[in-house]
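Whole structure, please, built from the sequences with the hints as guidance.
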Amino acid sequence: MVSLKEKFEKIVGADHVSDGSAERYVYSRDMTENPPREPQLVVMPSTAEEVQQIVRLANEERVPLVPFATGQNVGGLTIPQVDDAVIVDLKRMNRILNVDEEGMYMVVEPGVTFGHVRKYLDENHPNLRYTYAISSPFTSVIANALLQGLCDLSTRYGAMAEFINGLEAVLPTGEIVRVGSAILGDDNWFGRYPLPDLVGLFTGWQGMTGIVTKMALQLWPKKPFTRHFALFTFGEFMTTDLLKQIVRADLAEDAGALSFSVVKGLIGMPAPIEAIEGEPDYGTFLNLSGVTRLVLGGKVRLLEGIVNNSKVKEPKNLLIPFEAVARLMSEEAYGWVDFPSDSFKQLTEYDGLTWMGTYIHPRNWGEALVKGREIVEKYGYELMAFLKPMKGMHFCEFKFIIRFERDDENLKKVRQCNNELLDLALDLKAIPYKTPVWSAKKLHERADPNFVELVRRIRDLLDPNGIMNPGRWGL
Amino acid sequence: MTSDESVIEQWLHSCVRCSNCKYVFREYSPSCPSGEHFGFETYYASGRIWLAQALYKGELEWESSLLDPIFACTTCGNCESQCLAPHSEYIVDMIEELRARAVQEIGGLPSHIRFRENVVQCHNPYGAEHHNRNLVETHSLPLQAETVYFVGCTSNYRETQIRDATISVLKKAGVDFTVVDEYCCGSPLIRTGQLDPVNEAAQHNADAIKDAGAKRVVTSCSGCYRTLSRDYPKLDIELGVEVVHITQFLKELIDKGAIVPRSTEHRPIITWHDPCHLGRHMGIYDEPRDVISTLPVDLVEMETTRENAWCCGAGGGAKAAYNDWSVETSKKRIEQALRTGAELIVTACPFCTRNLRDGSSEDGPPVIDITELVGRFI
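Protein chains in written order, with the numbering used here: chain R, 1 to 475; chain H, 1 to 378.
Don't read these hints as lab results, they were simulated from the structure.
Source: prediction; values computed, not measured.
Built from N, CA and C at the ideal position, the CB exists for glycine as well.
A couple of the hints might just be wrong.
What the hints assert, rightly or not - Listed next, with one range per pair, are the computed distances between beta-carbon atoms:
id	chain 1	residue 1	chain 2	residue 2	range
1	R	60	H	30	31 to 37 Å
2	H	361	R	461	55 to 61 Å
3	H	30	R	187	27 to 33 Å
4	H	27	R	449	49 to 55 Å
5	H	5	R	3	56 to 62 Å
6	R	335	H	113	45 to 51 Å
7	H	27	R	245	38 to 44 Å
8	R	185	H	364	41 to 47 Å
9	R	378	H	107	46 to 52 Å
10	R	448	H	107	56 to 62 Å
11	R	370	H	233	50 to 56 Å
Said to hold, decoys possible - Taking lysine-lysine and the BS3-like style, the derived pairs with C-alpha atoms no more than 30 Å apart in a straight line are:
id	chain 1	residue 1	chain 2	residue 2
12	R	316	R	371
13	H	256	H	171
14	R	413	R	441
15	H	234	R	119
16	R	313	R	429
17	R	412	R	371
18	R	10	H	332
19	R	412	H	57
20	R	413	H	57
21	R	442	R	412
22	R	119	H	331
23	R	429	R	391
24	R	413	R	378
25	R	391	R	413
26	R	412	R	391
27	H	171	H	210
28	R	10	H	171
29	H	215	H	234
To be verified - Over the 12 Å line for every Cβ pair with chain R, so calculated as not near, a few chain H residues:
id	residue
30	22
31	68
32	263
33	321
Structure representation (structure tokens):
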């Protein structure tokens, strides 16, 4: 009798299938507090056709599949939720298939990372840029877009799913489908409308509705004139109020605010970093740009005016040109604004990393930060909040990052802390993103039951045999 | 080894598997020959660290399917150059400790066991007849001298042109040197976790060097250089003499005028391959380039150099156990070399020389040692 492993080997080659204990261990977990579960196999396809054969085989054999691109989601999202799952590691599918200069988009495979996009564009299309996340440089751009993550253009354009022009996916039943304008051909990935917007069948679904094998993502012209500033502020409400003013005035391409502890870490302060009374609470990196020097200069003056006005309430608010920041810290500081992924190293202190992140209504943003801070401080963790105004201030993001040593005691404590942070977020009607299963279940308890039922029905319709990432999102 | 300290235990709570180790920082070209070839997360440094931690904590049982992820690594150290986490300098040490534990728990790989037996029986991993001290007679060397040339097994029993070129250059430079009855330095054993015969061989070498009355050991092998300099002190083996690599010594000889390269009409274009054991493991990047800069050649660097240099694929026992992958890795380096337009590929490690040659085509640029290059111009 031919074993399951042999059947997968026939599809992708023996070198790209493993049931070794090493692979089963490493793919059973991630850096978060989410509990591990071993897969039975790991397979590594290199083409959409191989993915299709894998999915068809999984249907025949009723084998659960869990897609994996680079495993950087910080949400336990590639950890199998049922026994005997097969991890489909997509990193061999790592081609940038096309960059359309005129339509300003790129078509990529799931193994393509932010770092590789950055290099490719710099070398081949220096006038275009993609948007970059504050994650490891080796995060999959497709995974981040599918998970509706944030990036360094989110302040203006919103979550990363907004950047998707269309995609190709292998459905749970094995068909290869396209959504978006490329239904009319390979050179036509210009957008999603006017069509039924079926991109939404894949974004936010955490791999339950198929395996995305190709995606077209928007690129943007690099602005000829840019300046960066660091804004140091005090108090959660005053900080968020000031950011709201700046963003509503359409001044910043990006505004990423960090607890001052994170800023101190960036300049080399060793862990654990404690907040010191009297120091600013937040440091915000602001990216301003203009098509002419005059436009940029006008934005700078307006920004300085808004910050100066804020000093009526808080005289210590401080706006510093980034050149001064770089002189004070190091030239490395330019890397943080140029490619935010470079700042991710600060989060590699231990073997554990987690966060509870949400998108939230602007009116609840300040309160979430005040109360979240109290929770984090109660548990004795470093204060590492990250917040971002989203989509021109239509909504906001906040998360509390915890870096920790993954021993039993800490895992328990981190789980409790994240639980409390999630309860707080849900009390304030925030929507948690990149939700681990425990978090999704809590969301279900409070969400409109008809929404949860609709999600379930769509999932069941697309995946009648329940092979795609079963158990994910608490379904 | 004598040290009881576990580097795995020291870094038991490090590495979020962020993947920085997989690629050259800010260049995004591949850094890890093993991960690049095998693909699974377990074949990158971060995967190995997680395995080491899991095995240490008892979360994973020892069994034979672990051997490939543990041993299919050249220990080139490129991961250390790219990693930005606090444990970055200790990744190779963790992998070597993991290997030693694997050998203890489930035994090593057959090809590694073979060269261990050869070292025990013949004092070299090739099983060749031990004849090192015959060089004294062959080359009319004194029994005692200020400098000991530590030849290394690969130069003495395989890549003998490196040994001969080194002896020739040292003689022409008027260096007072000899060769001792050296045993394998232990590098192949340490790199593959087979530690038990190492101390005896190391002590023999220390005694032989002491008996020669030397003040300095110079070696043309990057692996020996790393082992004598970095590993012997960990074994509590004190040589009591300065240990230098031939590239450092050549620079010194050129600087003081003992070697005066002559000029030639044709200046060949060459490229330089940084051996991992010389560069990333020991931080020697400038000296070979300084030497080359005094020669009538034009150096064109490859796209990955110094701490980011792509490995030749031979180290860490990879050549012995995984020859196909090892040669595939070297072919990638050769492709980089070809893109420079070089007429010669120059390096300073007999292992690199051998594997780069194995990865070259017959009509490609020859791979030579830096001593051979210097020898052409004096």
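Hints versus structure:
no.	hint	result
1	60(R) - 30(H): 31 to 37 Å	holds, 36 Å
2	361(H) - 461(R): 55 to 61 Å	holds, 56 Å
3	30(H) - 187(R): 27 to 33 Å	holds, 30 Å
4	27(H) - 449(R): 49 to 55 Å	holds, 51 Å
5	5(H) - 3(R): 56 to 62 Å	violated, 44 Å
6	335(R) - 113(H): 45 to 51 Å	holds, 47 Å
7	27(H) - 245(R): 38 to 44 Å	holds, 40 Å
8	185(R) - 364(H): 41 to 47 Å	holds, 43 Å
9	378(R) - 107(H): 46 to 52 Å	holds, 51 Å
10	448(R) - 107(H): 56 to 62 Å	holds, 60 Å
11	370(R) - 233(H): 50 to 56 Å	holds, 55 Å
12	316(R) - 371(R)	holds, 23 Å
13	256(H) - 171(H)	holds, 16 Å
14	413(R) - 441(R)	holds, 20 Å
15	234(H) - 119(R)	violated, 41 Å
16	313(R) - 429(R)	holds, 29 Å
17	412(R) - 371(R)	holds, 21 Å
18	10(R) - 332(H)	holds, 28 Å
19	412(R) - 57(H)	holds, 18 Å
20	413(R) - 57(H)	holds, 20 Å
21	442(R) - 412(R)	holds, 18 Å
22	119(R) - 331(H)	holds, 23 Å
23	429(R) - 391(R)	holds, 18 Å
24	413(R) - 378(R)	holds, 11 Å
25	391(R) - 413(R)	violated, 34 Å
26	412(R) - 391(R)	violated, 36 Å
27	171(H) - 210(H)	holds, 22 Å
28	10(R) - 171(H)	violated, 60 Å
29	215(H) - 234(H)	holds, 21 Å
30	22	violated, 6 Å
31	68	violated, 7 Å
32	263	holds, 38 Å
33	321	holds, 16 Å
This entry does not satisfy hints 5, 15, 25, 26, 28, 30 and 31, going by the numbered hints stated previously.
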